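Peer 1: Sequence:
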Amino acid sequence: MVRVPFRAAADRVRHRLSQLVRPASRSRTAAPKASRATVRTGATAPGGPKAPHLAAPARSPWLRALGMLAVVVLGAWLGLLAVGSIRTPVGPMDTNMTLRPSLTGGSKINVAPLGALELDSHIAPLRLDVDVDRLDPERSQALVDQPERFSGLEDEVTRDVAAGTKELAVRSCVAVISGATALGLVVYRRPRRALAAGGLALTLLAASGVSAYATWNPKSVLEPKFSGLLSSAPSLVGDARSIVTEFDMYQQELARLVTNVTKLYDATSSLPVYQPDPGTIRALHVSDIHLNPAAWHIIASLVEQYEIDVIIDSGDTMDHGSAAENGFLDPIRDLGAPYVWVRGNHDSTVTQDYLEKFRNVRVLDDGKAVNVGGLRIAGTGDASFTPDRTGPGGNKAAAQLEGARLATALRDQERAGTPVDIAVAHDPNTARATDGTVPLVLSGHLHRRINEQLKLGTRLKVEGSTGGGGLRAVQNEKPEKVHASVLYLDRSTRRLQAWDEITLGGLGLTTAEVSRHLPEENLKKDPPGSPSPTPSSASSSPSPTRSPGRPTPSP
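Residue -1 is where the sequence shown starts when you use the numbering used here, and the numbers rise one by one after that.
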């Protein structure tokens, strides 16, 4: 009889421990057994109060559900980490495809060591990672030896990606079911509960697939975002001058990489996208160089890489506009493309007179228009000159008045039968006044990018600082980034079709980014089956070269 109280106490402890991992049904069945055992052993005094029920109150159904969900999610994640990836060839490349848990979804293509291409392709708790490991020597050599195979490369890539995706889907299902079931068996120690965890994991995976399908954004491939390093380590980069001298080589690798990866993704889906053809006019928009000599090396490499027809500078090339600074402008002669320039508030008439002597420079002021690079461009100098505090001193009303004069000149050009394609003004307040008189107006001054469709239909594009804020950038806590944009315009309509934004880390930084953008109206009207976008002409040659059909820029 002495053992009875000890047995009852042991039953209580064992019962409470079982509640932490076992379902409430077990608690409900254990409690009557304990009660019957107590009655049989006479644990209560005759005629005394009834013995208390040994079962603890059942846990909340919400807590049990959250516990099961935590087991399922953790088990599925562990399963994906363990076996949820495949290694598959895609064309001449060896890739590793993986599904990973994510709060935002999307797709990411990693091409070590140059960087990654990110696409906002879908919204789901799963992200697709594609690691491009290497080019297979044998398959690559076969393409070199048999150039005719390039014509069927897209079909081959499509088949490879489709096969890899199917295999990845099957592998992921097995991974999440196995992981959730195994962890459920460890936690609950009951096969039925473990199988329930595996079934719930499969349900969650299916729901994620439905979410990805429902939120699939095919237009995400129209604006790919590439980021990477100029070099793998700071010790290999050196100072800012090293970044500039190595940039030309980097740009060639960057353009080839973005072209190849974009073609890979375009081959997997028939998307209405844009591709510059050999007749497309390519303009490079730069602004606010502010005496940074590194800017000329960057501009020269962009001109060569993107086969630029005309460079448009929206001002503030100088800092003080003094005659002593004029020698800084001499590299413009050797940039390899016509140079259109308007005066900024840090540029003087001395600067303007010096540039007018250059054969390849077209200086615009007072609404003057010129034909250059297949475009008709008009512009005006800034209404103020900041360094010596003469003029209105950045007065908004003065800038708007200058814009009204420019708008009048643009209307005169329209009436004369020579409409202007692009207007240029340094101050965005001046540029806004041209709304409705020109399809596209370019400006700078703010050291940050703005892309805005004005009320009357004119698109305003404000460029950041191509000089990274100039030599004054070292005074800031963080250096400004270097900005430039490549504009693609249709040769027949001379309307903007797309643009690439190039962003480099400022002084001492080594990051680079290129992103593709299309006007909203082009996204709405592009018919299915249009060609795909590429940051440079889609060529299979090892290094980019000028397309035969491209016109040679004339000074």
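Since the hints were made in silico from the structure, they are not lab data.
None of these values were measured; they are calculated from a predicted model.
Warning: the hint list may mix true and false statements.
[To be verified] DSSO-like mimics (lysine-lysine), calculated; alpha carbons at most 30 Å apart, straight line:
1) 394 - 453
2) 394 - 366
3) 366 - 355
4) 106 - 164
5) 366 - 453
Peer 1: State for each hint whether it applies.
Peer 2: Structure-based check of all given hints:
1. 394 - 453: holds (19 Å)
2. 394 - 366: holds (22 Å)
3. 366 - 355: Within the cut-off at roughly 17 Å; holds.
4. 106 - 164: holds (18 Å)
5. 366 - 453: It holds: about 25 Å lies between the C-alpha atoms, which stays within 30 Å.
Of the numbered hints stated above, none is contradicted by the structure.
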